[in-house]
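Q: Chain by chain, the residues run as shown.
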Amino acid sequence: MSIISKIKNSLLDRAYRLFGKEREDIGVNMQFSVITLISWRNIAANKIRSFLTIGGVGIGIGIITFLISLGFGIQEMVIREITKNNPSNVVEVSNGSLENLITLNDETMEKIRATEGVTRVERAVNIGVKFYSNDTKIDSVLYGYTRGYMEMANVRIKEGSTNFSDTEEKVFVTPKLAQLMGYDNPADIIGKTVQYEVIISEDIINKDIAKKQEKEDIEIAGLINDDSNKNTSLYAVTMYDHLKEDFGLTGGQAGKVEVNIQADLNSIRSRIEQMGFSTESISDTVTDVNSFFNVIKIVMVVFGTIIMSISAMGMLNTLSVSLLQRTREVGILKALGAKRADVFKMFIFEAAIISFSGGILGFSMGYGAAKGANAIFNYFAKQRGEDVVNFISVPMYFVIAIVAFVAFLGFATGIMPARRASKTHALDALRYE
Amino acid sequence: MGEVKIRVENIKKEFRVGENVIPILFGLDFEIMKGEFCLLIGPSGCGKSTLLHSIYGLEPPTEGKIIIDGKDIWSYSKDWRAHFRNKNIGFIPQQAFWIKSLSVIENITIPAVIAGASFHESIPKAAKLIELVGMSKWANHRPYDLSGGQQQRIALARSLLLDPQLIIADEPTGNLDHKAGDELMKLIEDINKQFGLTVVMVTHNPSQYCFGTRIINMEDGKIISNETQAKSCAIEAQAKSCMTK
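Protein chains in written order, with this note's numbering: chain A, -8 to 424; chain B, 1088 to 1332.
Just chain A, with the same shape it has in the complex:
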């Protein structure tokens, strides 16, 4: 007798004594292991039927697992890519539109910096530039970054050194730009001097200190990583302070504001927006991505529910047929003294074994198929020189949900046949033809 049965019996004995009644001796129930073994043997004895039923549940769970792991994986991959260079506690600040002349000048920078919860403010500017090299003129974009901005934007220097003063006339170029300047091997341009001419809007320069915008020499300090990895980008990066000092730059069009993790991001954003700037946060994009994937997940849940309903009906059918075929078994068990609870458990366990076997099989198949699809994708990606990605993910709560669902499925489909079996009268069952 198990410890639980002993405790239960002891409590019942006390309760009966308390009310001055004699407790009927109804013996003990069948052992869990025996009931499980009989249920298992019955499943094993009907191999084809059990295989089809377990297979039905397995396919249902497998399809759901495959879709969900794909859905979650792609969602995570997209968010991972989006947030890679954009932490969620950073607000992107810009002057919104061409008509909006507000810039991130020293005054507005200070105001933002003074806002509660803001830990850091960095700015950037982008201006037009013409490079002259080897009798070639190339129109491009020149970004002026502060070092803090470069760090926050995860701007990666591919080759060359950043060990120079912020006011020095040095620039980084993309490999493509270097090639257009006449260097087939882009690395050869490092250390070379080319001529450049900037085109800066008058709205962001201090005319009193600004140099005349004309051709000047500038040293190529290094190569900057081309974000697209396709060697197509044409831009250059220099230090913000160099542009400020040389051309009287008064402000930038874009900035990054880092806020305290605990701070209220939305209220800080609205304060910045009240100054006339536009703000963006990666959380907006993440929310949009999540909303999109939530719709996908709802569709998958509906799809999964339909599949599982079919599996559940198949399972219910199997268990009902099993009950009909075993009516006489139920009869003899009851005639020999089996209690209702024992018979009930036998059928419920059978349902549980079917649903759990189907669940384990389906989950393994679904997850395996998803991982396989990922591996095939990566194989072709590698052959094309692309990065390997992982777009398969199964969150722990989904695993718990599957376990709970499988338990529910077993119970829900098993309860009807189990109740019917347990209520069957022994004599009716023995007389059953």
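None of these hints come from the bench; they were simulated from the model.
Treat the hints loosely; a few may be bogus.
What the hints assert, rightly or not - Label-pair distances were calculated between CB atoms; the ranges are: (1) A:252 with B:1205: 51 to 61 Å; (2) B:1264 with A:407: 37 to 47 Å; (3) B:1205 with A:16: 16 to 26 Å; (4) A:8 with B:1147: 27 to 37 Å.
We put the beta carbon where it would ideally sit given N, CA and C, even for glycine.
Following the hints, put chain B in place on chain A, whose structure we already have.
A: Frame of chain A; chain B shown alone:
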């Protein structure tokens, strides 16, 4: 005089079919002593099986009491009766029923596993009983692979597993040929004598009347005679002469 094993007191049974009430048993009274081999005989539909099932605790009587070992079995709950049956009564149905997915020897252990034992614990005892009924070599077969006579031997072994003091058999030879039926009857008789078990059995077969130490003859739900061994063979002879005519 021996100890009373079963006392049947004013047992009445009616079946309700739609609006109609069909009386089956009309106030039966009798006693069966410990160690007796009691045969319930009578024509089909006279209520033998209904009475037997009431004694076994499966068919509730409409009125009256069935007292086994001093316990009025119908005054207790269903679960109590199930436990009582399991612990105290061995049952041999007319047609043996089995758990198909279990082997012969595992089927013999069923009363023990119902009582809370494991298969492992019950197999040694089942092995002794299967030997007793001469079916050892079939132990690991599926029960439905066996002939009707062999199945009934296994059913007898199953009924003895928990050392019951009472065996209830509902026409156990009903589906067997003459030879197999006789062999089974001899086995039951041996066990009755060897272990002093009380046996209550329904039979139609007059050639088996000699096995009974008490014969309760029923007709239309009433007992028309309740005789002990002295007169059993006379009843058998009478039955045989009736059949000859």
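Q: Which numbered conditions among the earlier hints are violated in the structure presented, ordered from lowest to highest?
A: none
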